[in-house]
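Novice: Protein chains in written order, with my numbering: chain A, 1 to 140; chain B, 1001 to 1431.
No wet-lab data here; the hints were simulated from the structure.
Source: prediction; values computed, not measured.
One thing to keep in mind: the hints can contain errors.
One side only, chain A facing chain B, incomplete, derived with CB under 7 Å [unchecked claim]:
(1) 24
(2) 32
(3) 33
(4) 45
(5) 66
(6) 73
(7) 93
(8) 108
(9) 110
Straight-line distance between alpha carbons at most 30 Å, and here's what the computed DSS-like set of lysine-lysine pairs gives [unchecked claim]:
(10) B:1334 to A:28
(11) B:1367 to B:1377
(12) A:28 to B:1033
(13) B:1042 to A:28
(14) A:28 to B:1184
Beta carbons are placed, not taken as given, at the ideal position from N, Cα and C, and that holds for glycine.
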Amino acid sequence: MSEILTFHFDVDGDDFTSAGQASVQIKKNLRQLGISPDTIRRVSIAMYEGEINMVIHADGGDADVSVTEEYIEIVLSDHGPGIKDINQAMQEGFSTASDSIRSMGFGAGMGLPNMKRYTDYMNIDSVVGEGTTITMRVNL
Amino acid sequence: MNNYEHSVNLDVSKCIGCTTCLRHCPTQAIRIKNGHAVINEKRCIDCGECIKVCPKKAKKAVCNKLSEMSEFKWKIALPAPTLYGQFENLDDVDYVLNGLLKIGFDDVFEVSAAAEYVTAYSRAYLKSANIKKPVISSACPVVLRLICLRFPSLTDNILPMLPPMEVAAMMAREKAKSEHPELKDEEIGVCFISPCPGKASYVKNGFGSYKSKVDKVISISDIYFELISAMDHNDNIESISHSGMIGIGWASSGGEATSLFNEAYLAADGIENVNRVLDQIENDNIPPLEFIELNACTGGCVGGVLTMQNPFIAKAKLKTLRRYLPVSQNFLTKEQQESIPEEFFFDEIPTYYPISRLSESMSESMKMMSQIQKLRKQLPGIDCGACGAPTCQAFAEDVIKGVASEYDCVLKHRQILKEYLELKDDSSDSL
Chain A
1 MSEILTFHFD VDGDDFTSAG QASVQIKKNL RQLGISPDTI RRVSIAMYEG EINMVIHADG
61 GDADVSVTEE YIEIVLSDHG PGIKDINQAM QEGFSTASDS IRSMGFGAGM GLPNMKRYTD
121 YMNIDSVVGE GTTITMRVNL
Chain B
1001 MNNYEHSVNL DVSKCIGCTT CLRHCPTQAI RIKNGHAVIN EKRCIDCGEC IKVCPKKAKK
1061 AVCNKLSEMS EFKWKIALPA PTLYGQFENL DDVDYVLNGL LKIGFDDVFE VSAAAEYVTA
1121 YSRAYLKSAN IKKPVISSAC PVVLRLICLR FPSLTDNILP MLPPMEVAAM MAREKAKSEH
1181 PELKDEEIGV CFISPCPGKA SYVKNGFGSY KSKVDKVISI SDIYFELISA MDHNDNIESI
1241 SHSGMIGIGW ASSGGEATSL FNEAYLAADG IENVNRVLDQ IENDNIPPLE FIELNACTGG
1301 CVGGVLTMQN PFIAKAKLKT LRRYLPVSQN FLTKEQQESI PEEFFFDEIP TYYPISRLSE
1361 SMSESMKMMS QIQKLRKQLP GIDCGACGAP TCQAFAEDVI KGVASEYDCV LKHRQILKEY
1421 LELKDDSSDS L
């Protein structure tokens, strides 16, 4: 297997208006690598949902994307409140987002389900009070 | 897509390589090489932003001249509705249309009339089953090219219907042939009076396998003074205009979308906004919408670079002009609404052409990107443009692609020079 290409993004939790920037950037990078449009779309949606979640719930965090010739891996890690019940969080429509966030059209409870739907592998590692790390993979 | 004929050109003698266009190009298609701008034809979408911002007026749109219409026996003008918004105290579109006849055209066919047919058929299309929503308007040629180059996953959302300019050309030809059966096809010349270079490119290149039915494109600004002096307001003029509020409304942003009588729409204008909206549609981050109208120019077609008036003033003038017009003057019968005629559709949407791809091979692309990342970290990151690339990132890409030299970066060059001089100082000290 050849080298692994990595991209790092700081997801700023203070500025809600900038949420979604990393997803736009990774889309550009993947286009340059010649990845198929369908795969790019899946990665950017998964990444976007994850980014929004980190901003809404965890004051931001880190997004690391690794690209190999076999797969694209996205690791999102934050030091937020953690997820109490992962099974419940994975249910469509479940959300703990505040009313003000919902009034902007977010918090529909589709973030995690969408991330799972658009990727080939997803793992959530979360400790209440310490933070959450989500690893997703899209196979090429 | 490789042999795309553009309509934005550079007068090298006027260009001073000032980097203004470099910063404004939405697809990063411009570089400064040997002291002047160079446009990368594969990336250019003919939006005309560089023409708008050039302080030296070195960027020009390439259009036809009115005199070129003399090669046709029967000359038809297709005025864009934007044209009507360019005049002082105009209270009747017929003054403009009669003026066009006076300056040498044998007939006029309003693009706004064709637009009303496109609107009516679009309403029918939105009701059909098995179409991908949201449907994206096909009217702005710059947006179409942008989608095909940068948003491949959205090509299926494009309204597969011909834009009003093409429908107008088709109908104008049919009309000429039925009124004058003695005319041969090649004797009929159809000339679009255009607000933008994007339309000129569309006419030259077509869309996918579709070949444009327009023969020549003349800019509004080029024909303006000749036309204005031919517009005599005291004349007992012929009543020609056959379009209503809807058709003329197409000239400004939102006009196309509102006429669909479907509340679930979005209308965005200005190339930066268009880019952002397309990004969000691709991320599924928009409310459930039926129709998206996108115009590359601010304010819609009235913001085209080949117009005479400020887009907002033109829009206000059009509003006055539309006030006492019927809602529409071109309708479909119940039967016509049932099935949209074949000739209103594109045969195919062009395939995605990945312009930004670094190399044909994925492993080679990955190697290059890793080199780009490494070089990018060594660059100052102030995006000054002095190297001739719009950003440090774009410069790093150019260097790794082999089309620029690392030493073109002024700050990096200075640093190397400084290190060299310090080295020299050190060695002279030791003597």
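Novice: If a hint holds in the structure, say so; if it does not, say that too.
Specialist: Going down the list of hints, with the structure as the test:
| no. | hint | verdict |
| --- | --- | --- |
| 1 | 24 | holds, 6 Å |
| 2 | 32 | holds, 5 Å |
| 3 | 33 | holds, 5 Å |
| 4 | 45 | holds, 6 Å |
| 5 | 66 | violated, 11 Å |
| 6 | 73 | violated, 14 Å |
| 7 | 93 | violated, 16 Å |
| 8 | 108 | violated, 11 Å |
| 9 | 110 | violated, 9 Å |
| 10 | B:1334 to A:28 | violated, 47 Å |
| 11 | B:1367 to B:1377 | holds, 16 Å |
| 12 | A:28 to B:1033 | holds, 25 Å |
| 13 | B:1042 to A:28 | holds, 17 Å |
| 14 | A:28 to B:1184 | violated, 50 Å |
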